[in-house]
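Here's the letter readout for the chains.
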Amino acid sequence: MSNRALTAAAAAAFFLIAGWPALSSAPAAQQSPLIGAMQDELKRSMAEMRVKGEPPPYYIEYEIDDTWSLRASARLGAVVEDLMSRGRSLRVQVRVGDYSFDSSRFVTMDRAGSGPSADATMSAPLDDNYDVIRRQLWLATDAAYKRAISIYAKKKAAFQNRSATDVLPDFSREPPVETDLPAAVAPLKSSEWAARARQISAAFTSESGIETGDAFLTDVRGTSYYLNSEGFKAVTPIAMAFMRVSAEAQAPDGMTVRDLFTIVENRLEDLPPMSDLLSRARRLAARVSEGRAAPIGEDFTGPILLEGTASAEVIRQALVPLMLARRPPDAENPRFAPGGQSTPFLTRIGLRVLSESFSASDTPSLKAFDGRPVAGAYAIDDEAVPAKDVRLVEKGRLLTLLTSRTPQKNLPRSNGHGRAGGAQAGVFQMQSLLAIPASELKAKYLELLKVQEKPFGYIVRAVAGPGDVQGTGPGGPVILEAVKVTPDGKEEPVRGLRLGGIPSTAFRDILEASKERTLFSYRLNFATAASVVVPNLIFEELDIQRTREIGQKPPVVPPPALN
Amino acid sequence: VFFHEIFGHRVEASRQRNSDDSQTFSGKLNQPVLPSFLSVVFDPTLQKIGNIELMGHYAFDDEGMKARRVTVVEKGTLKTFLMDRAPVHGFDRSNGHGRAEPGYLPVSRQSNLVVESSKTVSNDRLMDLLRDEMRKQHKPFGLLFDNIEGGFTTTSRGSANAFNVLPNVVYKVYADESRAPELVRGVDLIGTPLTAFAKIMATGDKVEVFNGVCGAESGGVPVSASSPPLLVSEVEVQKKAQSQETPPILPAPTQTRK
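The listed protein sequences correspond, in order, to chains A and B. The opening residue of the first sequence carries number 170 in our numbering; numbering runs sequentially from there. The opening residue of the second sequence carries number 79 in our numbering; numbering runs sequentially from there.
Careful, some of the hints might be misleading.
[Unchecked claim] Taking lysine-lysine and the DSSO-like style, the derived pairs with C-alpha atoms no more than 30 Å apart in a straight line are:
#	chain 1	residue 1	chain 2	residue 2
1	A	Lys315	B	Lys318
2	B	Lys277	B	Lys197
3	A	Lys358	A	Lys619
4	A	Lys613	A	Lys623
5	A	Lys315	B	Lys153
6	B	Lys126	B	Lys317
7	A	Lys323	B	Lys284
8	A	Lys358	A	Lys212
9	A	Lys619	A	Lys557
[Claimed, not checked] Residues from chain B that face chain A, not an exhaustive set, calculated with beta carbons under 8 Å:
#	residue
10	Ala319
11	Pro326
12	Ile327
13	Leu328
14	Pro331
[Said to hold, decoys possible] A few chain A positions that, by computed beta-carbon distances, are all more than 12 Å from chain B:
#	residue
15	Ser214
16	Glu217
17	Met218
18	Arg304
19	Pro345
20	Ala462
21	Pro513
22	Thr516
23	Gly519
24	Ala548
25	Leu618
26	Thr697
No wet-lab data here; the hints were simulated from the structure. Backbone N, C-alpha and C define an ideal beta-carbon position, used for all residues, glycine too.
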């Protein structure tokens, strides 16, 4: 594409997004030297960067993320980390070929495992020094172009030897969009947040038997500058905060008893008030302390009631990934193809995937739910494509999937869900036309146990996120909080359980849902969040298994007495 | 760096304990290991040589032992090893060289290595000796290694017990004195330890210091090595690893935006 064409295409299709609430009141937009350097070097590279006998770049993309990062943690009332840093990262992507077949999405033998695309991330200067930034862009673009040429040659060679089946384009065409949402970024004082972590983690000193209790906080805020050769241009805020509060104890039999909660917000200031956090931490401490004496649960297959964040975590881990139209890259040697398959839902569009009363959607425009900010809401995705609200399931039938600019079968265009390196959800919502009040859900569940002649069932109230809990062996999400319930309604806390693998067909047999829904947010990467809004759910059949954990003997001497 | 890699790492006591290690010097106690005009001391109490501060200076090692000067080689004869608190045959006490980067377990490591020579000549005279040696060996030129960026060595039995020293300023010196030395690039010094020591012929009189961070099993620790110039009658050089990347396609951006 020549420069002239670039400008023309851009001018024809520009439209502007405005009015998204920024971190704080936005100052008059001032052209940053960053954008200037990016524009000038991009223009020059598109026009002049050529290697004789090789294809020129048809697409170049620059992104500079300017961030302040805070990290604070405390254990049992003492600060462990108190860090504040600023950084700028630069990412350059160059593609050669064309939209239908290009240098992307291909893992070469020499780069196996190091990522499929010809892009590079490095740090960029913090000073707004046009010359230095442009010089770095020049070298990064040069390196990315040379890599793109080499990958393209190998990809072409590999595909010449393969019979063509289902030939899909590599990159979708989208109308260029300019998005300008500058935000004044006020860095936080890390010591203030370290003090809060200290206060929260001190809650764990009040309960006996707790070995360790931690509060961990991060906050990343700043501005992302994005530019590509198609005329996309975006200045958008980066804002994600994360809190994790966890405690561990050891049961007399050596099993680790643990519980935790995580909260993801756009900013630490959006966290619930300290009084709420402290009471949650105290309840967590009490549960862990009491959990040591709880019996170990039993393997179980049958109806399960998932409540609150447990329901949200299960949907996020087991259902949301099925809604993503991801496409794994091809590889020079198919044996070294990076794992990951396309979702089985790709072939189920039009078919029933949820119970008939259910609908589901992804609504990045939902900025608040139940009076709380929704961290997963966003205006444009990481490819600068405006986020669309997408109806995914109606009356149990799958309508479409969430897409990025990497086309999938029958899904040629992006619906603004290219986030964190692939198609991702923003704000996934699920509801049932036949929902009943949450208070009536337990009665329904007990009825079900009686009909199925089950001597007991499980109500699961909290499960761990991926990577939250280590060393528990293979299986589904680890259960943090569950009670064994008998048909007469009696509840008994149990420990040492996890969910088994959840097949994609399990969601067709959700029997009941509550009217009340839980908002739960989680991290996609260091700066990107997603949310789910889901009801409490009764599944007709799920597996519950014991965790297989190699227990350590409890400490030899009792804990030192607290001062 | 030459001494640090080739000699220093092989007198760390922890390497004499590991049966997988080559233990180049284990059986050489009280035997000549270097030319008799050379002594090697490790002295963490030394703060400076001339005006240059030494990075291997410390008052106590990372096992809390007081730092002290240790003469490892006296007039060419191996006297002891660098010791941490783990004894080896014949040496049951630390000599203040148990070192580690924070977060690692201390093992015996180097401090300030100082090579002392009793056979020094002026640096000019050393150049004359170099040219004499070239003529004797019928070589048209010799090499002068002026500055070095680092090096590495392996001491395990399973691999080649060799060293690489990575110079970054090298001159080609011609036997013909009328030809000026030429700056050259792209060579590394390689070899095996015992052969290399045997080839040291003489030393200059101007001591130079290399300060650096040495990385090994207990992490990176600051060290220094000081030595006069060495005249070595024979050493192998190999071509440096080289990138295959072509220079940038476009010239550097020069225009500063108004």
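Okay, the hints, checked on the actual structure:
For the hint linking Lys315 (chain A) to Lys318 (chain B), the alpha-carbon distance of about 23 Å falls within 30 Å, and the restraint holds. Of the pairs offered as hints, the one joining Lys277 (chain B) and Lys197 (chain B) holds, with about 14 Å between alpha carbons and a cut-off of 30 Å not exceeded. For a cut-off of 30 Å, the pair hint linking Lys358 (chain A) to Lys619 (chain A) is broken: about 56 Å separates their Cα positions. About 14 Å separates the Cα atoms of Lys613 (chain A) and Lys623 (chain A), which keeps this hinted pair within 30 Å; it holds.
Between Lys315 (chain A) and Lys153 (chain B) the CA atoms are separated by roughly 57 Å; this puts the pair beyond 30 Å, and the hint is violated. Restraint check for Lys126 (chain B) and Lys317 (chain B): the C-alpha separation of about 35 Å exceeds 30 Å, so the hint is violated. Only pairs whose Cα atoms come within 30 Å are accepted, and Lys323 (chain A) paired with Lys284 (chain B) is rejected, the gap being roughly 56 Å. Under the criterion of a C-alpha separation no larger than 30 Å, the hint pairing Lys358 (chain A) with Lys212 (chain A) is inconsistent with the structure, at around 40 Å.
Taking the CA atoms of Lys619 (chain A) and Lys557 (chain A), the gap is near 45 Å; set against the 30 Å cutoff, the hint is violated. Interface restraint check: Ala319 (chain B) against chain A, minimum CB-CB distance 16 Å, threshold 8 Å, status violated. Residue-level restraint check for Pro326 (chain B) holds (minimum Cβ-Cβ distance to chain A is 4 Å; threshold 8 Å). A hinted interface residue such as Ile327 (chain B) counts as satisfied when its beta carbon comes closer than 8 Å to some beta carbon of chain A; here the least separation is about 5 Å, so the hint holds.
For Leu328 (chain B), the interface hint holds, since its Cβ comes within 8 Å of a Cβ in chain A; the closest pair sits about 6 Å apart. Interface restraint check: Pro331 (chain B) against chain A, minimum CB-CB distance 5 Å, threshold 8 Å, status holds. The beta carbon of Ser214 (chain A) sits about 7 Å from the closest Cβ of chain B, which is not more than 12 Å, so the claim that it is off the interface is violated. The Cβ of Glu217 (chain A) does not lie farther than 12 Å from every Cβ of chain B; its closest approach is about 6 Å, which violates its non-interface assignment.
For Met218 (chain A), the non-interface assignment is contradicted: its Cβ lies about 5 Å from the closest Cβ of chain B, within the 12 Å cut-off. Distance check on Arg304 (chain A): its Cβ comes as close as 6 Å (rounded) to a Cβ of chain B, failing to clear the 12 Å threshold; non-interface status is violated. The Cβ of Pro345 (chain A) sits about 23 Å from the closest Cβ of chain B, beyond the 12 Å cut-off, so the non-interface label holds. Every CB of chain B lies more than 12 Å from the CB of Ala462 (chain A), the least distance being 37 Å, so the non-interface label holds.
Every beta carbon of chain B lies more than 12 Å from that of Pro513 (chain A), the smallest distance being close to 43 Å; the non-interface claim holds. Its beta-carbon lying about 44 Å from the closest one in chain B, Thr516 (chain A) satisfies the requirement of being farther than 12 Å from that chain. With a least CB separation of 49 Å from chain B, Gly519 (chain A) remains clear of the 12 Å interface cut-off, as annotated. The beta carbon of Ala548 (chain A) sits about 29 Å from the closest Cβ of chain B, which is more than 12 Å, so the claim that it is off the interface holds.
For Leu618 (chain A), the shortest C-beta to C-beta distance to chain B comes to about 53 Å, beyond the 12 Å cut-off, and the non-interface label holds. Once the 12 Å rule is applied to beta carbons, Thr697 (chain A) is consistent with being away from chain B; the minimum gap is 31 Å.
In this structure, the hints that do not hold are numbers 3, 5, 6, 7, 8, 9, 10, 15, 16, 17, 18, in rising order.
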